[in-house]
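Trainee: Let chain R serve as the given structure and place chain Y on it in line with the hints.
Residue numbers (the working numbering), protein chains in the order written: chain R, 4 to 115; chain Y, 3 to 120.
No wet-lab data here; the hints were simulated from the structure.
Don't take each hint at face value.
[Unchecked claim] Under the rule of at most 30 Å between Cα atoms (straight-line distance), these lysine-lysine pairs were calculated in the DSS-like manner: (1) Y:K73 with Y:K29; (2) Y:K53 with Y:K64; (3) R:K45 with Y:K46; (4) Y:K53 with Y:K29; (5) Y:K100 with Y:K46; (6) Y:K73 with R:K45; (7) Y:K100 with Y:K73; (8) Y:K64 with R:K4; (9) Y:K53 with Y:K100; (10) Y:K46 with R:K4; (11) R:K71 with Y:K46; (12) Y:K73 with Y:K46; (13) Y:K29 with Y:K100; (14) R:K71 with Y:K64; (15) R:K4 with Y:K53; (16) R:K4 with R:K45; (17) Y:K64 with Y:K46; (18) R:K4 with R:K71; (19) R:K45 with Y:K29; (20) Y:K73 with R:K71; (21) R:K45 with Y:K53; (22) Y:K64 with R:K45; (23) Y:K100 with R:K4; (24) Y:K46 with Y:K29; (25) Y:K73 with Y:K53.
[As the list claims (entries may be wrong)] Here are some chain R residues the structure puts well away from chain Y; computed CB gaps all over 10 Å: (26) S15; (27) A32; (28) S62; (29) L65; (30) A94; (31) R102; (32) L103; (33) T104.
Glycine included, every Cβ here is placed at the ideal spot set by N, Cα and C.
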Amino acid sequence: KQEVTQIPAALSVPEGENLVLNCSFTDSAIYNLQWFRQDPGKGLTSLLLIQSSQREQTSGRLNASLDKSSGRSTLYIAASQPGDSATYLCAVLETSGSRLTFGEGTQLTVNP
Amino acid sequence: NAGVMQNPRHLVRRRGQEARLRCSPMKGHSHVYWYRQLPEEGLKFMVYLQKENIIDESGMPKERFSAEFPKEGPSILRIQQVVRGDSAAYFCASSPPKTSGGPRNEQFFGPGTRLTVL
Numbered sequence: 004k005q006e007v008t009q010i011p012a013a014l015s016v017p018e019g020e021n022l023v024l025n026c027s028f029t030d031s032a033i034y035n036l037q038w039f040r041q042d043p044g045k046g047l048t049s050l051l052l053i054q055s056s057q058r059e060q061t062s063g064r065l066n067a068s069l070d071k072s073s074g075r076s077t078l079y080i081a082a083s084q085p086g087d088s089a090t091y092l093c094a095v096l097e098t099s100g101s102r103l104t105f106g107e108g109t110q111l112t113v114n115p
Numbered sequence: 003n004a005g006v007m008q009n010p011r012h013l014v015r016r017r018g019q020e021a022r023l024r025c026s027p028m029k030g031h032s033h034v035y036w037y038r039q040l041p042e043e044g045l046k047f048m049v050y051l052q053k054e055n056i057i058d059e060s061g062m063p064k065e066r067f068s069a070e071f072p073k074e075g076p077s078i079l080r081i082q083q084v085v086r087g088d089s090a091a092y093f094c095a096s097s098p099p100k101t102s103g104g105p106r107n108e109q110f111f112g113p114g115t116r117l118t119v120l
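Just chain R, same shape as in the assembly (with noise of 0.2 Å):
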């Protein structure tokens, strides 16, 4: 079964810090990988999707990287905002079906 973990729950940083947001999944039979983002009370937007084959997507001060064989993912926030202030959720798609399964998420804080 697979397991999806992110380290850590919780970030509080200043304003303009580059920060790593970590997600763990234990199959690495996947198809690929999404980061969302989730703000209190909303629904899922989509950041950046990463195939099995790639091994990192950027999008604007947002890089991912993807090390399937290790089972690793990280999200990579340059030069935070206080509008980044949102939860953020690692998904996998395994490649036995459609389905995808969620880490808990990290809950970030750009602080002014």
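Mentor: Just chain Y now, with coordinates in the frame of chain R:
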């Protein structure tokens, strides 16, 4: 191109009533997924449907819950005889057919329906 639509956004039911949650996928998407987020927990997969077919319902509770995605109209998640433990946010996602371009199997999420059972 509108995103995934869900309605209602908030739903209040008393114990024993029925709850019907609707999801309209993005235009051109033929795959629909339902996920549930219980308070203070992560999102859990419930069911995966294509038009008129349930593909994977391994995450659905065995009783009181059902889902459909008819040929015409939105996908419906139906909860009969709701209990307080059903209070949660229910999210729908959709993805395009496998033959279309773009990242395969990327799921796009709706804003969710927040169900409160009194």
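Trainee: Of all the hints given earlier, name the ones this structure violates by number, lowest first.
Mentor: Hint check: 14, 20, 30, 31, 32 and 33 fail, others pass.
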